[in-house]
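A.B. asks: Sequence:
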Amino acid sequence: MENPIQPCRDIGQSPRSSARSASTRAGAASPTPSADPTDSPIDWVAKHIKEYVETDGRKGHRRWGVTTLLLTTRGRRSGRPRRTALIYGRDGERLIVVGSNGGADAHPAWYLNLLADPSAEVQAGAERFPVTAVEAKGEERERLWRMMAELWGDYERYRTKTSRTIPVVVLERADPGAG
Numbered sequence: 005m006e007n008p009i010q011p012c013r014d015i016g017q018s019p020r021s022s023a024r025s026a027s028t029r030a031g032a033a034s035p036t037p038s039a040d041p042t043d044s045p046i047d048w049v050a051k052h053i054k055e056y057v058e059t060d061g062r063k064g065h066r067r068w069g070v071t072t073l074l075l076t077t078r079g080r081r082s083g084r085p086r087r088t089a090l091i092y093g094r095d096g097e098r099l100i101v102v103g104s105n106g107g108a109d110a111h112p113a114w115y116l117n118l119l120a121d122p123s124a125e126v127q128a129g130a131e132r133f134p135v136t137a138v139e140a141k142g143e144e145r146e147r148l149w150r151m152m153a154e155l156w157g158d159y160e161r162y163r164t165k166t167s168r169t170i171p172v173v174v175l176e177r178a179d180p181g182a183g
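Mind the numbering: the sequence shown is residues 5 to 183 in our numbering, read in order.
Hints are computed from structural coordinates only; laboratory data are not their basis. Don't be surprised by glycine CBs; every beta carbon is placed ideally from N, CA and C. A few of these clues could be false.
What the hints assert, rightly or not - Calculated lysine to aspartate or glutamate pairs in the DMTMM-like style (CA-CA distance at most 20 Å, straight line):
#1 K165 with D95
#2 K54 with D109
#3 K63 with D47
#4 K54 with D40
#5 K141 with D95
Said to hold, decoys possible - Restraint-style ranges between C-beta atoms, simulated for each label pair:
#6 E146 with R84: 31 to 39 Å
#7 R163 with D60: 18 to 26 Å
#8 R163 with A130: 16 to 24 Å
Starting from the given sequences, assemble the full structure and let the hints guide the process.
C.D. replies: So, in structure tokens, the structure goes:
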């Protein structure tokens, strides 16, 4: 197993936020504070999240012919919980998400938040659980990319729209007793 997502200096990670992230992983704070999360500012995503939450995943877990989850991260600047909806695949017990951002040149906010703190919370259907994010690398990334592109063909189109490497992130269940 690879290490959790590590802060990247090339996207503006400061040493101070790296220290905060390390203390969070060590158990100084829970993955998601008790405050209600702020949902995606993108209107259609916010509507999807609202329906997902209101129906405990009965509506929204399957959408567009694929499964979706709700990912709650800790804002890298605010420290407040941020929630978005993402398409996901399964690799055994692990959940796989793609930081495509529709092929934009910038990484999605949720991915940048995971760089600062890889602890997060997932809702997949009615089930909620803590996870640790690990960025897939090398051959594993390529295998998981192909798997996800088969689930959602637009990922290949998104890849052609940007010069950045689109991250593939593995969400592994966190040990609730760790920390």
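A.B. asks: Compare the structure with each hint and give your call.
C.D. replies: Taking the hints in turn, this is what the structure says about them:
1. For the given pair, K165 sits about 27 Å from D95 by alpha-carbon distance, which is inconsistent with the 20 Å threshold.
2. For the suggested pair K54 and D109, the alpha carbons sit about 28 Å apart, so the restraint of at most 20 Å is broken.
3. This hinted pair checks out: K63 and D47 have alpha carbons roughly 17 Å apart, not beyond 20 Å.
4. Using a Cα cut-off of 20 Å, the hinted pair K54 and D40 holds, with the two alpha carbons roughly 13 Å apart.
5. Taking the CA atoms of K141 and D95, the gap is near 15 Å; set against the 20 Å cutoff, the hint holds.
6. For E146 and R84, the Cβ-Cβ distance of about 35 Å falls inside the hinted range of 31 to 39 Å, so the restraint holds.
7. In this structure, R163 and D60 break the distance hint of 18 to 26 Å, their C-beta atoms being roughly 34 Å apart.
8. Separation of R163 from A130 is about 33 Å and departs from the stated range, judged on CB atoms against 16 to 24 Å.
Comparing the model with each earlier hint shows violations of hints 1, 2, 7 and 8; every other hint is respected.
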